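Student: Listed below are the residues making up each chain.
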Amino acid sequence: MFDFFSNLAVGLGVAVTPTNLALCFVGCLLGTLVGVLPGVGPIATIAILLPITFGLEPVSALIMLSGIYYGAQYGGSTSSILLNIPGESSAVVTALDGHQMARKGQAGIALGISAIGSFFAGTVATVVIAALAGPLTEVALVFGPAEYFSLMVMGLSFAVLLARGSVIKAIAMILVGVLLSTIGPDLTTGQNRMTFGFDWLADGLDVAVIGMGLFGIAEVFRNLENVEHREVVKGVIGRLLPGRDELKQSVKPILRGTILGGILGILPGNGAVLGPFASYTLEKRLARDPSRFGRGAIEGVAGPESANNAGAQTSFIPLLTLGIPPNAVMALMVGAMTLHGIVPGPQVMTKMPDLFWGLVASMWIGNLMLLVINLPLIGIWVKLLQVPYRLMFVGIMIFCCIGVYSLNRDPADVIILMVLALAGYTLVKFEFEPAPLTLGFVLGKMMEENLRQALIISRGSAMTFIERPVSVGLLVVAVLMLCLAILPKIRNGRDAVFVED
Amino acid sequence: MRGFIRAPQNFISGLALICLAVFAIWAVRKLSQGTFSSMGPAMMPRWVAVAIGICGVVLIVQSFLDNGPPLEHWSARGPIFVCLGMLAFAVGMINVGFLLAAPVAMVICGFGSSEVRWKELILLALALTAFCVALFGYALHQPMPILTLPGLTLEL
Amino acid sequence: MPNLSRKVAVRLGLAALSLALVGTTSVRAAEDVSKYPSKRINIVVGFAAGGFADTLARLIGQKLQDKWGQTVVIDNRAGAGGNTAAKYVAGVEPDAYTILATTTAIAINETLYKQRDYKLDELTAVAMPASSAESLATHPSKPGNLKDFLAWAKDREITYGTAGVGSGSHIAAEYFFKVLAKVKANHVPFRGGALSVQAAVGNQIDTVASSFGSAPQIVEGKLAGLAVAGTERSVAMPKVPTYEEGGFKGFVAESWVGFFLPSKTDPKIVDKLNGAINDIINDPQTKQYLTGLGYQLKTRSTAESEKYLLSEVDNWGKMVKATGVTVE
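Chains as they are written, first to last, in the working numbering: chain A, 42 to 542; chain B, 2 to 157; chain C, 11 to 338.
For reference, chain A alone in the conformation it holds in the complex (with noise of 0.2 Å):
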């Protein structure tokens, strides 16, 4: 207990130099500012921003490149809930009630109560990195292709929960996604699969092209179909910040949605993604009222914000402890990390207690810094809204296809944009939803990829995933989920045809 605090000074005498504290407000702002441009994600502002930090001290760098980490990923969830165009599928989630809630004339609340829980789980995320990285590493290693294949299965088992509508329809849309995710070449082959020898499906689909398509265009065309439909957005805007009831309402979720990213975070191979659409899954679940969700329930937004912000630190973990970057961003803060001199790995932590802590207590301060940075900008955001629509929808076209176009470099982006959109707007027209076939689509490749390890590596028996416990624990899981998105729903549909009648 000693050493957590005394580490825990280390890191904060490190962080709180005036030069570390300017560096780490510098990297949020700008950050939040990148990323909100729509396809400008967490990875593309870092690599974009990264020359701006060669020429600091290495723990300098480093506190300002978190900084600009978590302010991209902040940036990210300010334009889905304004313009529902979300640029990676944590956002996507957000975007679901958080974009109603903007409609709704709340988008300073959803805005601030994104922030609030963002900076909570963030803090609670800094304490368990400090107290428990180590122990926690060994939790990772578990997992082996086997369970992540049972933990992506019982990820898509939550998707059926997130739907709204009918859950044959929820499942159509999961397995589209999964197939979709399938484009492109083989990972133990190399075989192209379905591209049709188009150069610009040989590497498969983006997904935040998925995201601007089906979600940011197939929106303006809804919105474009008739004028009191987004007058709406116009109206009132409402408080700026979220009052005492908003509050109330969401610290539960956040303290869930904390544990639950915080946990998912410490999983290579990217298991944060799953974060904030289990914690959405939760809510929507605990909810006395599930159907006020994808309306504008706070909680949608509350939970999964604070998921997504305790995954992105915690994923930290892996990187600290073991020098294995668990994500595409952490593979570019490995990068970042050498470019500055400093081999990641495990002995960072025994060799430059200054850098670890520092960078650890800088989480934190960056935590504060968003929160500080943002609750102003709130109403500038929201200023946003009242540009009238029909020269909004103009400029999220341009900067969607500038986005989607930045991806590659490549023009063929901005037509598959294009196509996406309106398979969107079909989809809405026949009450699919889109967020399903999203979550589909990350976890698709996800597992069968580690579908085809674990059959690798066990000779073909498919037992291994019942003979793993871990594995099978989460296959139960799955299945219950399955039972309680089911069950329920039959029985509605029921009433729903006797209601008819």
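Warning: the hint list may mix true and false statements.
[Stated by the list, open to error] Derived contacts from chain C toward chain A, CB cut-off under 8 Å, selection only: (1) V175; (2) V211; (3) K232.
[Unchecked claim] Below, a list of computed lysine-lysine pairs in the DSS-like style, where the Cα atoms sit at most 30 Å apart: (4) B:K31 x C:K124; (5) A:K424 x A:K289; (6) A:K424 x B:K120.
Simulated from the structure, these hints should not be mistaken for laboratory data.
Keep in mind that this is a model prediction, so the values were computed, not measured.
All residues carry an ideal CB built from backbone N, CA and C; glycine is no exception.
Starting from the known structure of chain A, fit chains B and C onto it as the hints suggest.
Tutor: Frame of chain A; chains B and C shown alone:
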């Protein structure tokens, strides 16, 4: 009063899913499925497609049994102009560069709204183009062709 | 109010447009070597941000920027095992303002891919400054030296993880197990080297093949290094013997990062860039820092670089053919 099909929306949805499934199965027809210990590239897409087809069948069957919502009203103006705008952007980026592609795309797109106003739209297009060049080109150093007309080329 | 903001917007717009016009007009003509570089340079990286090639490209790019005073931008164009970026650079204006940074993949793909949209002779090698030998590592609970490990592996089907199908690690390990050691080993591809190292540390796979991704874990004892495929031991993990020491004579497989230009580029500019990169590598501070990270450094002239590239195409081609791995 809907005749045989009591949920036209679900009926068409089901048909579409079946078509998608058939298409996917056709698309991976040449790929091998492999065995369990070394799965081939086709195993996952093929079986997922079969499952999608089953969902489609279920939806169709349901559409004969239960009452469901009718087909919704579609609006063509917004999607058409916005899509044309995106097309113009994509084609323009290949042939003439951002400085021409972006404003043209925005002006086309703007007609997707029935409340379009000429002057305002053109001003917006020019202002946003300049803003984006400054932001993405200068501030963020994103490589993109600014202007690539024959005889006149601008690069950053 | 709307009027005012409109005016401001128009003015800002015009100002930015004129800035764009003045600041960026360029003349497409054979440029004087002494004037190179006179504008922004793009380094096109064949792989995603954060990888081996990306990190080195960013480092060199930054140093070039310091040296020449021109902005250097990193442009990640990942795809098709580096072929997307190679194809792109092979087709650009040969003015040396677009530089390709890629890895051994460019040599391997010559044999591995049945189909490519560029020819290797459309590119010219500028420099291959940094390399790292392929290595094999295992969980500490398993036999920790090559001989014992192979004996242990003889009577079972082992698994080995790599950064992906067709990666240098895959080819080298497959060649080693199948052709040299004659041990039955199943390939478990991962998406990126980090996850394969993770699986080995967690004892999910029997062994992991990687270039230098596993060095920190080996140094820390989380993994046991079996062998490195270099001509000499690696600076980053000096305790791990070479394959040659383990009785596999002549088995050398190194992963490197190289810089390329379109082959029509003025040879003088190629030389200038080569010299600049060599200067960067020879700078004592950079040198110490890169070797500290586990890279082996080597400076070559342009002619030597080209020769090395061809010998690498040969060496990897031989291994690819012997293992029978192909990618469409």
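Student: Grab the minimum C-beta distance from K232 (chain C) to chain A and call the hint holds if it beats 8 Å, violated otherwise.
Tutor: holds, 7 Å
Student: Is the straight-line distance between the alpha-carbon of K424 (chain A) and that of K120 (chain B) 30 Å or less?
Tutor: Holds - the C-alpha atoms of K120 (chain B) and K424 (chain A) are around 23 Å apart, at most 30 Å.
Student: Using Cβ atoms only, decide whether V211 (chain C) comes closer than 8 Å to chain A, and label the hint accordingly.
Tutor: holds, 6 Å
Student: Given V175 (chain C) was flagged as interface, is its beta-carbon under 8 Å from a beta-carbon of chain A?
Tutor: holds, 5 Å
Student: Within 30 Å, alpha carbon to alpha carbon, are K31 (chain B) and K124 (chain C)?
Tutor: holds, 17 Å
Student: Tell me if the straight-line CA distance from K424 (chain A) to K289 (chain A) falls inside 30 Å.
Tutor: holds, 26 Å
Hint violations for this structure: none, all hints satisfied.
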